[in-house]
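Q: Spelled out from the first residue to the last, the chains are:
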Amino acid sequence: MTLLLVNVLLALAWGGVTGSFTLLNLLFGFILGAGALYLIRKEIGSLGYLARMRRVVSLTILFLVELVKSSWTVAMTVLSPKMDIKPGMFVYPLKVDKDAEITMLANLITLTPGTLSVDVSEDRRFLFIHALDCSDPDQLRHDIATGFERKIMEAFR
Amino acid sequence: MESASNPYGVDISQAMIVERVALADWLLVFPVALPLLAAAILVMLRSRPKLHAPIALAVIGVVLVSNVVLLSRVLDEGPFAMTMGRWLPPFGITFVADTLGVLLATTAALVALVCALFGSTSIDVTGKRYGFYPFLLLLMTGVGGSFLTGDIFNLYVWFEVFLISSFGLLILGSERAQLDGAFKYAILNLVATTLFLIATGLLYGVFGTLNMADIALKADGLREEAPLTMLATLYLVAFGMKAAAFPLHFWLPASYHTPRLVVGALFGALLTKVGIYALLRTLFLLFPEEGGALSGVIAIVAILTMIFGVIGALAQTDIRRIMGYIVISGIGIMMAGLALGDRMGLAGTVLYAVHSMLVMAALYLLVALMRKAGGTYSLSELGGLYRSHPLLAAMALLLVLSAAGLPPGSGLWPKVMLVKSALDGEGGWLAFAILLSGLMTTLALGRVFALAFWRPRVDGAVVPATPLDRSGMFALVLIMVPILWIGLYPEPVLAMADAAAASLLDPASYSLLVLPAGGGS
Amino acid sequence: MIEALFNVVVGLMIVGGAAFSLVASIGINRFPDVYCRMHAASKAGTLGSGVILLALAVHADDTATVMRAIAGFVFLLLTAPVAAHLLAKASYEAGYKLWDKSVKDEMIVKIREQKTKREHRNEN
Amino acid sequence: MIETALSILVGIFFAVAVYLLLSKHTIRIMLGVVVLGNAANLSIFTAGRLTREVPPVIPPDLYVPEIATANPLPQALVLTAIVISFSLFAFLLVLAWRAYQDLDTDNTEEMRIAEPKADPLPPLSY
Amino acid sequence: MKTLILRTIAPYLSALMMIFSVFVLLRGHNDPGGGFIGGLLAASAFAIYGIASGVASARRAMRFHPMAIAGSGLAMSVLAGLASILFGVPFMTGLWAPPIPGIEFELSSVLFFDIGVYLVVLGAITSVALALEERDDE
Amino acid sequence: METDGNSLTFIALFLPFVAAALAPALTRRMGHKAAWVLAIVPAFLFIHFASLVGTVASGEAVTGSRNWVPSLGVEFSWFLDGLSLTFALLITGIGTFIVLYSGGYLKGHAHLGRFFSFILMFMGAMQGLVISDSFLMFFVFWELTSITSFLLIGFDHSREASRRSAMQALIVTGMGGLALLAGLLVIWNATGATSLSALLETDNALRESALYGLAFVLILGGAFTKSAQFPFHFWLPNAMEAPTPVSAYLHSATMVKAGVYLLMRLNPVMGDTALWETVLPLFGGVTLLVGGFLAVRQSDLKLMLAYTTVASLGLLVMLTGFGSEHAIEAAVLYLIAHSLFKGALFMVAGIIDHEAGSRDVTRLGGLRKAMPITFGAALVAAISMGGLPPLFGFLAKEEIYYALGFASVWSALFTLVAILGNALMFAIGFAVALKPFLGPEVKTPNHAHEGPPLLWLGPVVLAGASLLAALVSPLTHRLFSIPMASAVAGEPLDIYISLIPSIGMPLLLSLVTVALGYAIYRTLGDVRARVGAALIAIGWGPDRGFDQVLRGIVRGAHRLTGLIQNGRMETYMTLTFAVIALAFLVPLVGAGEMPAFPQLPVLTLYEIVVLALAVIGLGAVLYADDRLTAIVSLGIQGFAVALIFLLFGAPDLGFTQFMVETLSVVILALVMTRLKLAKSDHRPTREKALDVTVASLCGLGLMLALFKVTSLTFDPALSVFFTEYSRVIAHGRNIVNVILVDYRGVDTMGEIAVVMAAGLAILALVRVRLGRRVEHAEPQVASESRETVA
Amino acid sequence: MSFSQGFLSVAEYIGLILLSLSFLLTTYRVIVGPTLPDRIVALDMLVVVAVGFIALIGIRTSFTLYVDVAISLGLVGFLATVAFARFVMAKGSLWVKQEDERNLREVSDD
Ligand code: NA
Ligand code: NA
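Residue numbers (my numbering), protein chains in the order written: chain A, 1 to 157; chain B, 1 to 521; chain C, 1 to 124; chain D, 1 to 126; chain E, 1 to 138; chain F, 1 to 790; chain G, 1 to 110.
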């Protein structure tokens with residue numbers, strides 16, 4: 001079922017990139033998508049795919065806002081005459097435990113300027129994050145827990 | 001398909017050839033398309049190496065037959081051309097079946113067949129699995145394409161095809177010496193093809209066309225302003241390097257002795273000859289005047305090459321390396337015809353090319369069998385083969401004679417023609433060098449015969465009369481047939497070489513053949 | 001009129017995106033260690049180019065191009081963090097040290113902790 | 001003459017390529033191979049004359065382009081050449097690596113297996 | 001490589017790249033792209049897949065040996081060229097089927113030729129990449 | 001002129017080769033008795049040629065031809081006049097007995113069949129040589145005699161001396177053969193004649209040609225080497241390594257006379273010039289004396305005979321060159337005489353060797369009782385050789401003295417030379433024929449007794465022929481001598497000389513010769529010692545020189561090759577690029593193709609930046625002090641190139657370049673993980689200066705070339721066409737792609753062949769590894785996973 | 001030419017120049033390093049800037065076909081970075097040592 005959904009999404013993506021949403025083209029996109037899914041058939045199955053579009057949109061908006069906000073911060077940091085930064089590496093204990101969720105969280109964190117996911121611990125319980133401003137890691141942990149991580153859990157559970 | 005206009009209201013006949021193509025014209029495509037297809041299929045079947053030899057042999061056999069038919073057609077009905085994709089020349093890529101190209105392509109196919117046969121037992125399963133036959137077929141494709149194409153850039157592409165397949169063949173086995181030799185071979189040949197490419201880019205910048213017939217037509221109008229001498233020189237260097245002319249020969253002695261000998265046979269037979277062929281085409285078809293101006297340089301290069309070749313051959317202990325230098329010496333002889341530039345000289349070069357393809361292949365195969373019989377490549381250690389393998393000895397002697405240009409081998413006639421041509425013109429030194437190199441070849445290869453065959457083994461051991469593998473011997477016998485045939489009754493091939501030379505000296509008729517309408521602009 | 005507005009918006013986005021890229025490139029020159037530089041490169045840089053891609057989407061007059069420009073933006077967002085993560089992880093594992101004025105390195109502590117724990121478990 | 005600028009650039013590319021190829025070290029030679037390929041490609045591109053920014057693509061609503069486009073033929077030639085030089089480069093690189101593995105050197109001075117330093121004198125007797 | 005993030009995301013990235021590669025292949029006749037670029041993109045997709053999930057699973061995903069794919073591509077291209085023998089036109093002449101409404105690309109021997117190019121590049125480059133990655137994993 | 005005899009002549013040319021092909025099988029079956037069957041072939045040929053004697057004696061030449069290489073104007077043609085017919089008769093006649101003799105001499109030899117084969121081939125070659133008309137056919141058979149004699153001399157190949165002599169003969173006569181070829185081609189050029197008969201009709205054309213001198217030297221090169229004239233004489237005695245029948249055949253009738261035949265053949269068109277009449281007698285005379293003295297030095301029967309052969313050849317050349325009618329007649333007579341007596345004597349020497357086990361004249365004696373027939377034949381032959389009546393040799397000697405005379409200082413000089421030479425030969429002849437047979441019986445390695453008929457038949461018949469020919473001299477002259485002499489002279493001649501001596505100078509000189517010869521014979525041991533001492537004092541001779549030259553050539557070649565092909569990649573590359581730089585620059589400068597300095601372009605800022613980026617990338621690659629930096633920097637120049645493509649309207653190219661550049665870097669990175677990383681090279685300053693120079697010149701060359709090319713007006717015809725029809729016929733809007741898959745699809749087909757081949761080759765490189773020497777295990781698709789999932 | 005068009009074209013030019021500067025600065029980091037990851041980060045960034053540059057050319061020339069080039073570049077650029085990361089992981093420790101040595105040497109040279 002989820003596979004079908006993903007396949008339909010891929011077909012739509014095909015329509016998007018080709019810029020033609022005619023039925024035949026979508027059908028072709030569907031076949032292509034099926035082929036692509038066939039190639040990765042081993043990896044599929046671990047992802048829970050729920051159509052909670054609204055929450056996804058909400059997550060997206062949060063991400064975009066964060067993106068702009070922190071980009072500005074980083075830009076200011078870069079351009080400030082005396083570069084006053086306190087970089088460091090902190091550990092973030094994960095609540096999410098599915099691979100896909102961890103990945104998504106890590107990527108969102110990375111994309112947000114100022115923080116960078118360096119690694120996931122082998123037991124998948126911690127995320128190692130490098131921050132440009134690591135003067136208050138607890139605050140950072142709190143922001144992530146209430147921000148991205150919560151939204152992800154809402155969107156995908 | 002045959003309508004004169006298309007849905008857009010365009011008159012197709014302005015852009016395309018509207019006449020139907022005779023099925024017989026397709027003979028021109030087979031030497032390229034069939035081996036290529038076969039190579040592709042063998043790659044698909046790479047997990048079943050046992051199928052490779054039979055398929056390859058069958059396909060090469062078909063190609064050979066098709067080439068022979070094509071040759072007879074060209075001889076009977078004259079040369080013809082096919083422009084691919086149906087586009088009018090010079091816009092599409094034209095293949096041209098003229099005597100020169102088809103004669104060499106046929107010889108190449110014969111050599112390929114013999115080598116394929118020889119390889120069927122001498123190449124192990126690993127070698128087959130990692131591409132001996134596909135590479136062989138691709139090499140054939142590249143060589144055949146080079147001989148048949150009428151487009152200079154397309155020629156570059158075919159050069160690359162046989163170059164990369166030669167790389168593949170060269171490293172089959174991955175021995176240390178192979179890796180070393182392959183590295184030098186690859187880099188230096190890469191430089192040569194890149195120079196070819198650059199020259200072709202410049203040529204395109206000058207002429208705005210790539211069709212050789214078209215270039216030939218336009219050359220006269222551009223002679224005043226365009227740097228045609230430079231282009232001719234660049235091609236001379238690029239192809240001279242391919243042909244292993246002194247002092248651009250370094251890659252050859254560095255590598256030809258390292259691969260499997262059947263590969264050496266293929267290389268020694270085919271690769272350098274393509275260089276000579278390309279020189280013939282560029283210097284006589286494209287830049288006849290500039291080529292003539294360069295003839296002095298070519299003559300010097302020819303003399304140095306043939307003498308350096310035989311000197312190198314005399315200096316070697318390893319019989320494989322001797323053969324590499326013999327290849328070089330032959331290049332010098334062919335270049336002599338290029339320098340002479342008259343009909344007799346060119347015909348001599350063409351005939352020598354045919355001879356050299358056959359004889360060099362045979363010599364490398366002979367070396368392989370000598371190794372099998374005698375257990376070593378070293379001239380210091382070999383011995384006793386005359387007693388243990390008389391048939392091999394007989395063929396060896398015939399090959400020695402043939403390579404040295406003595407009767408009853410095939411080498412006599414082209415040498416006679418070249419010397420004659422040299423004496424007709426101002427080429428006394430060339431004649432002297434050709435004869436001297438012949439004498440020194442006699443010495444170098446005669447020594448091989450005396451030492452490896454006549455002389456008993458140095459350690460006193462009696463060489464066991466082990467039977468040599470049948471397909472190997474058969475392959476050698478097979479290739480001896482045309483060698484002796486040309487030696488004893490040269491007329492047919494000689495007449496073809498002569499016709500080829502005549503057409504080389506008549507670029508206008510070549511242009512007319514390819515471009516009946518008179519060019520692209 | 002709407003086209004003029006679009007033109008202005010596109011122009012602003014272009015300058016903004018390009019400026020952001022420039023800032024990023026200044027960043028990777030000014031930041032003290034590779035980890036900090038990654039902040040500039042993988043985010044500011046991505047964002048800068050992303051904005052220009054979006055500008056192209058705004059500028060384009062056919063859906064196909066719009067969709068493709070957006071798809072390109074998405075691709076960038078998908079790949080950039082993964083690339084950054086990989087490089088950071090690889091550098092850290094290879095032993096490239098944090099800038100010596102970095103305030104914290106909880107990671108090394110944690111890794112050691114986990115390691116000893118594991119060894120401890122193995123001993124038992 | 002925009003070609004002038006590129007001609008100069010091509011000259012620089014070619015010179016650098018040659019200099020790298022003249023090195024004794026296989027990796028540098030490999031770098032030279034890449035640069036050489038670029039030099040050749042750029043030279044074809046330049047020789048076919050340059051046009052700024054107008055790709056040789058016919059707009060969807062036309063049968064032939066309205067404005068002069070860049071010359072498509074050299075582009076096709078260069079494309080072919082790029083592919084070929086890339087294939088050759090990949091082969092050469094792996095070859096260099098294998099040579100390094102088996103010959104234990106990446107210095108061409110020391111690559112003397114095929115043509116050993118002590119080349120024996122052939123027998124002088126009969 | 002041992003990284004959860006890459007391993008998780010790589011299959012989807014690869015699938016996207018594959019789709020994109022086919023797109024680039026098919027539109028090549030009208031816009032930049034074509035078999036070669038498409039093939040390189042597809043090969044890149046498999047290379048990433050191989051790095052992320054291991055060469056073995058990349059090979060499993062391909063099902064056929066990459067070189068066999070390359071061979072089939074070359075065979076396809078040559079056959080596309082040879083097809084014109086049936087129509088009394090020279091080698092490599094484009095043969096066009098009547099257009100099918102709704103499909104962006106037209107069915108033709110030229111398309112098959114380009115697909116052949118795609119497969120050759122895909123197969124050969126993937127073969128190289130996987131072979132090199134494999135050696136590395138040892 | 002096509003007669004029945006002609007068809008037979010055509011067949012005759014091949015018959016010996018057919019027999020040679022059959023000989024091994026026949027011998028395997030019949031053993032040495034195969035000789036009787038095989039001898040039928042030369043006997044038959046002899047009869048065939050004999051049947052033509054009448055025609056030829058009447059002054060007519062038998063000619064005929066078949067098509068051979070019409071493209072080269074070469075026919076397969078023959079020409080039988082007095083000269084060639086006499087040779088043909090000698091060759092086939094003596095050949096018959098040689099075949100028989102071989103059967104007896106090599107009875108039981110493991111490779112007798114092969115020997116028959118060689119000797120028949122040799123005979124075929126020799127026969128072909130003398131009856132060839134067309135130049136090239138003549139040359140082919142000439143070379144075949146060299147090759148077959150190489151095989152024969154090397155027959156006893158396990159002995160180094162045999163191999164050496166065979167090589168020596170091959171090289172010396174091969175060298176001559178090539179000179180001959182050149183000479184014939186020069187004559188072809190000078191006269192337009194491609195055959196001997198045509199040449200003979202050109203009269204003075206050759207003599208008056210500017211090429212005469214060249215042709216003369218080249219022809220002499222062929223003739224002198226083949227006929228062992230000083231200083232090329234050394235190979236001939238060494239050829240004694242061959243089994244005796246070979247020596248007998250080669251050195252009596254045949255191969256060595258090929259040179260004389262050539263000179264005689266060309267005498268009508270080349271003779272009668274100052275050059276001819278000076279050089280030939282001089283070399284001939286020197287050879288006569290050198291041969292004579294060296295013969296005296298020897299004690300081996302075969303070597304003694306061999307050196308007298310050298311002397312005889314000198315005499316023949318001397319006479320041929322002398323130019324007068326009588327000299328020609330003398331040469332003809334002596335040639336016939338020599339063929340008969342020398343053939344017989346060689347066979348005798350062989351019989352002695354075979355039966356007594358030794359050929360050393362000092363260890364032989366008293367064999368006359370054991371071998372009376374042989375002794376008889378030997379005696380008769382020796383008398384002929386000594387120039388005594390009533391044998392043919394006497395006629396020859398008389399004619400010689402008649403020809404030379406004392407008319408001038410020049411002729412007197414040669415008369416003295418002839419006397420001395422003949423005297424030496426007289427002495428040797430009797431030494432060979434008498435010493436082993438007369439005197440007390442000496443113990444020999446084998447118990448000597450008369451050999452079988454197969455052995456003695458030849459000498460007896462040849463000796464008999466010497467006698468018979470002299471007895472019926474008018475007939476001999478009419479049938480053989482006169483036609484032959486006429487052919488050599490190029491005009492009708494007459495010969496009267498007979499056994500009835502006419503009192504006069506010739507007879508007197510003959511008597512002097514005999515007296516001197518007898519004196520030498522009596523003191524032979526003494527003379528031998530003295531000559532030996534003299535030769536040791538001289539020390540060096542062409543024979544030893546041959547070895548030294550050969551070794552010198554090989555050593556020199558070894559050194560030179562090591563210098564040029566020195567195994568250093570760097571040398572190869574530097575030279576190659578130096579040539580490339582010259583290829584750009586020399587025509588630009590030399591052929592006036594230098595470009596004017598082009599207009600400088602107006603560039604936008606970002607274009608400048610992109611170009612600068614490329615240069616910076618290149619600089620970074622050059623200056624990077626570690627290789628990884630260089631590789632990363634390589635990416636910069638690659639991207640810059642891609643951007644350049646994009647900026648100049650080539651999206652496909654930019655596209656591809658980006659991909660390829662990235663993949664290159666990826667592959668580099670993948671491969672680099674296996675390289676031990678070391679510092680990059682730093683070249684020494686001198687090397688760097690050279691490299692920079694070569695590189696800059698290359699770059700400069702290409703830049704100037706591009707300046708020049710882009711300054712020309714461009715013909716856009718092709719691209720206009722492509723653009724015009726791209727959409728309307730080829731159904732594509734992307735013109736570049738349409739070119740790739742349609743207009744120039746064949747290029748692309750080749751291109752993907754390259755890609756596939758590269759993939760395959762790389763796979764082989766990665767997988768097939770040394771050490772294990774087996775292929776690296778191919779991972780099984782769908783087998784167990786090797787994933788590293790935690 | 002209307003104001004908005006003029007504005008746009010000025011903006012385009014400014015954008016191109018800014019991106020060009022960005023190229024140069026990034027290139028500088030590629031060259032000076034000092035560590036391998038530094039160079040790789042910079043190279044990765046170079047690719048990203050190139051994506052923007054191409055998109056900008058697309059806007060400037062109205063040839064939107066450039067956008068595909070940009071997309072693919074993003075995708076393959078990623079591959080390059082992955083490969084380098086892999087390299088750093090495999091050989092990095094050895095490399096770090098060499099770089100340290102070099103840096104030490106440079107210090108002592110001063
Ligand atoms: Na050759
Ligand atoms: Na070659």
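Among the hints, erroneous ones may be present.
With a Cα cut of at most 27 angstroms, we get these calculated DSSO-like pairs of lysine-lysine [stated by the list, open to error]:
1) C:Lys101 <-> A:Lys69
2) C:Lys117 <-> A:Lys86
3) C:Lys104 <-> C:Lys117
4) C:Lys110 <-> G:Lys91
5) D:Lys24 <-> D:Lys117
6) A:Lys98 <-> A:Lys86
Think of the hints as simulated: they come from the structure by calculation, not from any bench.
Treat the numbers as computed from the prediction; the structure is a model and nothing was measured.
Q: Run the distance test for lysine 117 of chain C versus lysine 86 of chain A: straight-line Cα separation, threshold 27 angstroms.
A: Between lysine 117 of chain C and lysine 86 of chain A the Cα gap is close to 30 angstroms, so the pair fails against 27 angstroms, i.e. violated.
Q: Hey, lysine 98 of chain A versus lysine 86 of chain A, does the alpha-carbon distance stay inside 27 angstroms?
A: violated, 32 angstroms
Q: Sort out whether lysine 69 of chain A lies within 27 angstroms of lysine 101 of chain C, counting only the CA atoms.
A: holds, 26 angstroms
Q: Run the distance test for lysine 24 of chain D versus lysine 117 of chain D: straight-line Cα separation, threshold 27 angstroms.
A: holds, 17 angstroms
Q: Hint check: lysine 104 of chain C vs lysine 117 of chain C, CA-CA at most 27 angstroms. Holds or violated?
A: With a Cα-Cα distance of about 22 angstroms, the restraint between lysine 104 of chain C and lysine 117 of chain C holds, given a limit of 27 angstroms.
Q: Would the hint linking lysine 110 of chain C and lysine 91 of chain G be met if the CA-CA limit is 27 angstroms?
A: holds, 24 angstroms
The structure does not agree with the numbered hints 2 and 6 stated previously, though it agrees with the rest.
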